[in-house]
Amino acid sequence: MTTAIIDYGSGNLRSAEKAFQRMAAETGGGAVIVTSDPDVVARADRVVLPGVGAFADCRRGLMAVGGMAEAIEARVADGYPFLGICVGMQLMATRGLEHGETPGFGWIPGEVERLAPNDPELKVPHMGWNELVITAEHPVLAGIEAGAHAYFVHSYHLRVRVPEHRLAHVHYGQMVTAVVGRANMVGTQFHPEKSQATGLRLIANFLNWRP
Amino acid sequence: MLKVRVIPCLDVKDGRVVKGVNFVDLKDAGDPVEQARVYDAAGADELCFLDITASHENRGTILDVARRTAEACFMPLTVGGGVRTIDDIRALLLAGADKVSINTAAVKNPDFVREAAEKFGSQCITVAIDAKSVPEGRTPSGYEIFTHGGREATGIDAVAFAKLVEEKGAGEILLTSMDRDGTRAGFNLGLTRAIADAVSIPVIASGGVGTLEHLVEGVTEGHASAVLAASIFHFGEHTIREAKLHMARGGVAVRL
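Line by line, the protein sequences are chains A and B. Throughout the first sequence, residue numbering follows numbering that gives the first Met the number 0, covering 0 to 210 in sequence. Throughout the second sequence, residue numbering follows numbering that gives the first Met the number 0, covering 0 to 255 in sequence.
This is chain A alone, in the form it adopts within the complex:
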């Protein structure tokens, strides 16, 4: 079993790599590799797409690696588990509205829009620990209790068109999508690799998920 964490120049992958390696070792989750090689992704048993920064920049970075987007799409179409983190999750949407309109993978119908909390006292970016409201059962969320906290840092969020695709949300002057899922795909707006026990649990669940 190999989990490929995709490196397309978006931010620091070291903590993600270490968190996935730790949980893979603890739960027999196989090898974890950080790669920018589409051939490695094409053979991986699981695909993790991280992402920090702006939607358009991440999309551009992803497209700049020849064959990478196609390799990811093919793996997802073949039913292999996929996890998107932060902007990696946002890229699962139909389109992003940060710095103009940019298409996403289109797996989760919806738009990535700027946060607009209804309370002017609330700061953007939404930065820090927020309480998860889990609204659907999912193997990747197994053992994560209602009210568990996860670490967020983002200014845009994914507004899903199909409510069933939203597995968990948080409140920040508006409902903010925290976890999405459909078929063999999941995505988290928060950073599991930065969310201590809750995040490590989600990573272990993903590494052992058989959709």
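Don't read these hints as lab results, they were simulated from the structure. Note that the coordinates shown come from a computational prediction; the quantities given were computed from them, not determined experimentally. There could be a bad hint or two in this list.
Okay, derived cross-link-like pairs now, SDA-like style, lysine to any residue, Cα gap no bigger than 25 Å in a straight line [what the hints assert, rightly or not]:
#1 A:K17 <-> B:R15
#2 B:K12 <-> A:R13
#3 A:K17 <-> B:G42
#4 A:K17 <-> A:N204
#5 B:K162 <-> A:E112
#6 B:K162 <-> A:E120
#7 B:K162 <-> B:E117
#8 B:K167 <-> A:L114
#9 B:K118 <-> A:A55
#10 B:K167 <-> A:H98
#11 B:K118 <-> A:G8
#12 B:K12 <-> B:H55
#13 A:K17 <-> B:A71
#14 A:K17 <-> B:A40
#15 B:K162 <-> A:D36
#16 A:K17 <-> A:D36
#17 B:K167 <-> A:G99
#18 B:K12 <-> B:D63
#19 B:K118 <-> A:E120
#20 B:K118 <-> A:T34
#21 B:K167 <-> B:I155
With chain A held as given, fit chain B onto it using these hints.
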């Protein structure tokens, strides 16, 4: 709802924690990574390392600290101190820091903040502002930026500067009340509130915490989104949990 963050800060010099620490059961109390682990287990919301290494030759030691911390602690880590170039930022992020804090380099050249945010994203660029109350008339807001540990006045208005770095793309502001730092008399609440209310990015209050009540005031009166403290945690006076319980009793939403 979003919780107010409690952030312990460790001063690191040549790869070692500078101030004494009373944690028991640490094999090596001077090792920042050992202390990071303790704070991680105690439920700190983020960690901050301030690199006060004097010589540039020993600068690499902070990278090693960040690297080893990222292997052991799965929580956000900010590293500040001596960050002057894009390469400094890149090296810290690659080593495992999630955010870097920029201080003097931002005062000297605010466009450095823009360059850094464009390159790495606003989410990882914290601007550290050291400011004090000054006599009326010196700056429009009555608060001024200082550098060199509070010794050198810059003539720059602190509130205007905070707005400027927000515009340049800073993701948050780490605000240290230099007239309170080390006094244990509490944050400069007027300064904290003036800046927190002037910007729409989060402000971390720092400098002067002597009691747990000061942490509450930083939020309720200073309007800070997070509080940073060093000595009250390091010397074993209070645990992170005690601080959070006290803040919760004071009406501040924290992660327990």
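We went through each hint and held it up to the structure:
no., hint, verdict
1, A:K17 <-> B:R15, "holds, 23 Å"
2, B:K12 <-> A:R13, "holds, 23 Å"
3, A:K17 <-> B:G42, "holds, 20 Å"
4, A:K17 <-> A:N204, "holds, 16 Å"
5, B:K162 <-> A:E112, "holds, 24 Å"
6, B:K162 <-> A:E120, "holds, 16 Å"
7, B:K162 <-> B:E117, "holds, 17 Å"
8, B:K167 <-> A:L114, "holds, 19 Å"
9, B:K118 <-> A:A55, "holds, 13 Å"
10, B:K167 <-> A:H98, "holds, 16 Å"
11, B:K118 <-> A:G8, "holds, 11 Å"
12, B:K12 <-> B:H55, "holds, 11 Å"
13, A:K17 <-> B:A71, "holds, 8 Å"
14, A:K17 <-> B:A40, "holds, 17 Å"
15, B:K162 <-> A:D36, "violated, 42 Å"
16, A:K17 <-> A:D36, "holds, 19 Å"
17, B:K167 <-> A:G99, "holds, 19 Å"
18, B:K12 <-> B:D63, "holds, 12 Å"
19, B:K118 <-> A:E120, "violated, 29 Å"
20, B:K118 <-> A:T34, "holds, 21 Å"
21, B:K167 <-> B:I155, "holds, 16 Å"
Violated hints, in rising order: 15, 19; the structure is consistent with all others.
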